[in-house]
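Next come the chains, spelled out residue by residue.
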Amino acid sequence: DVVMTQTPVSLSVSLGGQVSISCRSSQSLVHNNGNTYLSWYLQKPGQSPQLLIYKVSNRFSGISDRFSGSGSGTDFTLKISRVEPDDLGVYYCGQGTQYPLTFGSGTKLEIK
Amino acid sequence: VQLVESGGGLVQPGKSLKLSCSASGFTFSSYGMHWIRQAPGKGLDWVAYISSSSGTVYADAVKGRFTISRDNAKNTLYLQLNSLKSEDTAIYYCARKGSANYFDYWGQGVMVTVSS
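Protein sequence lines, in the order shown, are assigned to chains A and B. Under our numbering, the first residue of the first sequence carries the number 1, and numbering increases by one thereafter. Under our numbering, the first residue of the second sequence carries the number 1, and numbering increases by one thereafter.
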């Protein structure tokens, strides 16, 4: 199984600031078809997860351009700029390159 | 797009339960669907997938005990949970498969508690 390792476990940021979350996979996420199936999700308190980014760097419909994804192979990053109060919650990376699909353990974002 | 789960509850170890996920706002028959669960206070754990043509894939932890199925005429996804264990206690979410293997829409989740 592909193990997804997220760091940090938690972080605190001031409103308007910028944060980066790292996600590393135990194997390359490049699929045989050449695509890389790494996605990012945000679970706000008391809610179900929502898709932010898919295929490394593609923002989902309605997602602010303050969210950006990058990376390749086994190393990926989610950056959040100009942090707003509504950004708090737990961020998860997930891989869709091979079954079983797996997620990182999450990064909790708190607002200072 | 709306996904609404139902069927959760408290069940004894070894018993069974069937979850449903009612879909609306899109052509259900054209999409693969997933079940993902989240134990209390824990992270996300993928459970099972069914393609638009009803091919299935399961996590090892549930293989042989859980069965994913769909009824396209009713726009409904199912998860049959048999031989339940305490470690199956979780919120169960249904989610739509995006154009690639990601989850673009999620339901609100349904709680399953396995306890004597």
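Source of the hints: derived by calculation from the structure; they are not laboratory data. Keep in mind that a hint or two might mislead.
As a list, the in silico DMTMM-like pairs of lysine to aspartate or glutamate whose alpha-carbon atoms are at most 25 Å apart [as the list claims (entries may be wrong)]:
no.: 1; chain 1: B; residue 1: Lys-97; chain 2: A; residue 2: Asp-75
no.: 2; chain 1: B; residue 1: Lys-42; chain 2: B; residue 2: Asp-60
no.: 3; chain 1: A; residue 1: Lys-55; chain 2: B; residue 2: Asp-45
no.: 4; chain 1: B; residue 1: Lys-15; chain 2: B; residue 2: Asp-104
no.: 5; chain 1: A; residue 1: Lys-112; chain 2: A; residue 2: Glu-84
no.: 6; chain 1: A; residue 1: Lys-55; chain 2: A; residue 2: Asp-65
no.: 7; chain 1: B; residue 1: Lys-42; chain 2: A; residue 2: Asp-87
no.: 8; chain 1: A; residue 1: Lys-79; chain 2: B; residue 2: Asp-104
no.: 9; chain 1: B; residue 1: Lys-85; chain 2: B; residue 2: Asp-104
no.: 10; chain 1: A; residue 1: Lys-108; chain 2: A; residue 2: Asp-87
no.: 11; chain 1: A; residue 1: Lys-79; chain 2: B; residue 2: Asp-45
no.: 12; chain 1: A; residue 1: Lys-79; chain 2: A; residue 2: Glu-110
no.: 13; chain 1: B; residue 1: Lys-42; chain 2: A; residue 2: Asp-86
no.: 14; chain 1: B; residue 1: Lys-63; chain 2: A; residue 2: Asp-1
no.: 15; chain 1: A; residue 1: Lys-55; chain 2: B; residue 2: Glu-87
no.: 16; chain 1: B; residue 1: Lys-18; chain 2: B; residue 2: Asp-71
no.: 17; chain 1: A; residue 1: Lys-108; chain 2: A; residue 2: Asp-65
no.: 18; chain 1: B; residue 1: Lys-97; chain 2: A; residue 2: Glu-110
no.: 19; chain 1: A; residue 1: Lys-44; chain 2: A; residue 2: Asp-65
no.: 20; chain 1: A; residue 1: Lys-108; chain 2: A; residue 2: Glu-84
no.: 21; chain 1: A; residue 1: Lys-108; chain 2: A; residue 2: Asp-75
no.: 22; chain 1: A; residue 1: Lys-44; chain 2: A; residue 2: Glu-84
no.: 23; chain 1: A; residue 1: Lys-44; chain 2: B; residue 2: Asp-104
no.: 24; chain 1: A; residue 1: Lys-108; chain 2: A; residue 2: Asp-86
no.: 25; chain 1: B; residue 1: Lys-42; chain 2: A; residue 2: Asp-65
no.: 26; chain 1: A; residue 1: Lys-44; chain 2: B; residue 2: Asp-45
no.: 27; chain 1: B; residue 1: Lys-42; chain 2: A; residue 2: Asp-1
no.: 28; chain 1: B; residue 1: Lys-97; chain 2: A; residue 2: Glu-84
no.: 29; chain 1: B; residue 1: Lys-42; chain 2: A; residue 2: Asp-75
no.: 30; chain 1: A; residue 1: Lys-55; chain 2: A; residue 2: Asp-87
no.: 31; chain 1: A; residue 1: Lys-44; chain 2: B; residue 2: Asp-60
no.: 32; chain 1: A; residue 1: Lys-55; chain 2: B; residue 2: Asp-104
no.: 33; chain 1: B; residue 1: Lys-85; chain 2: B; residue 2: Asp-60
no.: 34; chain 1: B; residue 1: Lys-15; chain 2: B; residue 2: Asp-45
no.: 35; chain 1: A; residue 1: Lys-108; chain 2: B; residue 2: Asp-71
no.: 36; chain 1: B; residue 1: Lys-85; chain 2: A; residue 2: Asp-1
Comparing the hints with the structure gives:
1. Lys-97/B x Asp-75/A: holds (24 Å)
2. Lys-42/B x Asp-60/B: holds (19 Å)
3. Lys-55/A x Asp-45/B: With a Cα-Cα distance of about 20 Å, the restraint between Lys-55/A and Asp-45/B holds, given a limit of 25 Å.
4. Lys-15/B x Asp-104/B: Given pair Lys-15/B, Asp-104/B is violated - Cα atoms ~32 Å apart, limit 25 Å.
5. Lys-112/A x Glu-84/A: Within the cut-off at roughly 11 Å; holds.
6. Lys-55/A x Asp-65/A: holds (16 Å)
7. Lys-42/B x Asp-87/A: holds (20 Å)
8. Lys-79/A x Asp-104/B: holds (20 Å)
9. Lys-85/B x Asp-104/B: violated (29 Å)
10. Lys-108/A x Asp-87/A: holds (10 Å)
11. Lys-79/A x Asp-45/B: Answer holds: Lys-79/A to Asp-45/B is near 24 Å, not above 25 Å.
12. Lys-79/A x Glu-110/A: Holds. Lys-79/A to Glu-110/A sits at ~15 Å (cutoff 25 Å).
13. Lys-42/B x Asp-86/A: It holds: about 21 Å lies between the C-alpha atoms, which stays within 25 Å.
14. Lys-63/B x Asp-1/A: holds (15 Å)
15. Lys-55/A x Glu-87/B: violated (31 Å)
16. Lys-18/B x Asp-71/B: Satisfied, since the Cα-Cα distance of roughly 14 Å is no more than 25 Å.
17. Lys-108/A x Asp-65/A: holds (20 Å)
18. Lys-97/B x Glu-110/A: violated (29 Å)
19. Lys-44/A x Asp-65/A: holds (18 Å)
20. Lys-108/A x Glu-84/A: holds (15 Å)
21. Lys-108/A x Asp-75/A: holds (19 Å)
22. Lys-44/A x Glu-84/A: Within the cut-off at roughly 13 Å; holds.
23. Lys-44/A x Asp-104/B: holds (16 Å)
24. Lys-108/A x Asp-86/A: Cα-Cα ~13 Å, so holds.
25. Lys-42/B x Asp-65/A: violated (29 Å)
26. Lys-44/A x Asp-45/B: Satisfied, since the Cα-Cα distance of roughly 17 Å is no more than 25 Å.
27. Lys-42/B x Asp-1/A: Holds - the C-alpha atoms of Asp-1/A and Lys-42/B are around 19 Å apart, at most 25 Å.
28. Lys-97/B x Glu-84/A: violated (29 Å)
29. Lys-42/B x Asp-75/A: Holds, because 23 Å separates the two Cα atoms, which is no more than 25 Å.
30. Lys-55/A x Asp-87/A: holds (21 Å)
31. Lys-44/A x Asp-60/B: violated (29 Å)
32. Lys-55/A x Asp-104/B: The given pair, whose Cα atoms are some 12 Å apart, holds under the 25 Å limit.
33. Lys-85/B x Asp-60/B: Answer holds: Lys-85/B to Asp-60/B is near 14 Å, not above 25 Å.
34. Lys-15/B x Asp-45/B: Holds, because 21 Å separates the two Cα atoms, which is no more than 25 Å.
35. Lys-108/A x Asp-71/B: violated (37 Å)
36. Lys-85/B x Asp-1/A: It holds: about 22 Å lies between the C-alpha atoms, which stays within 25 Å.
Going through the hint list in order, the structure does not satisfy hints 4, 9, 15, 18, 25, 28, 31 and 35.
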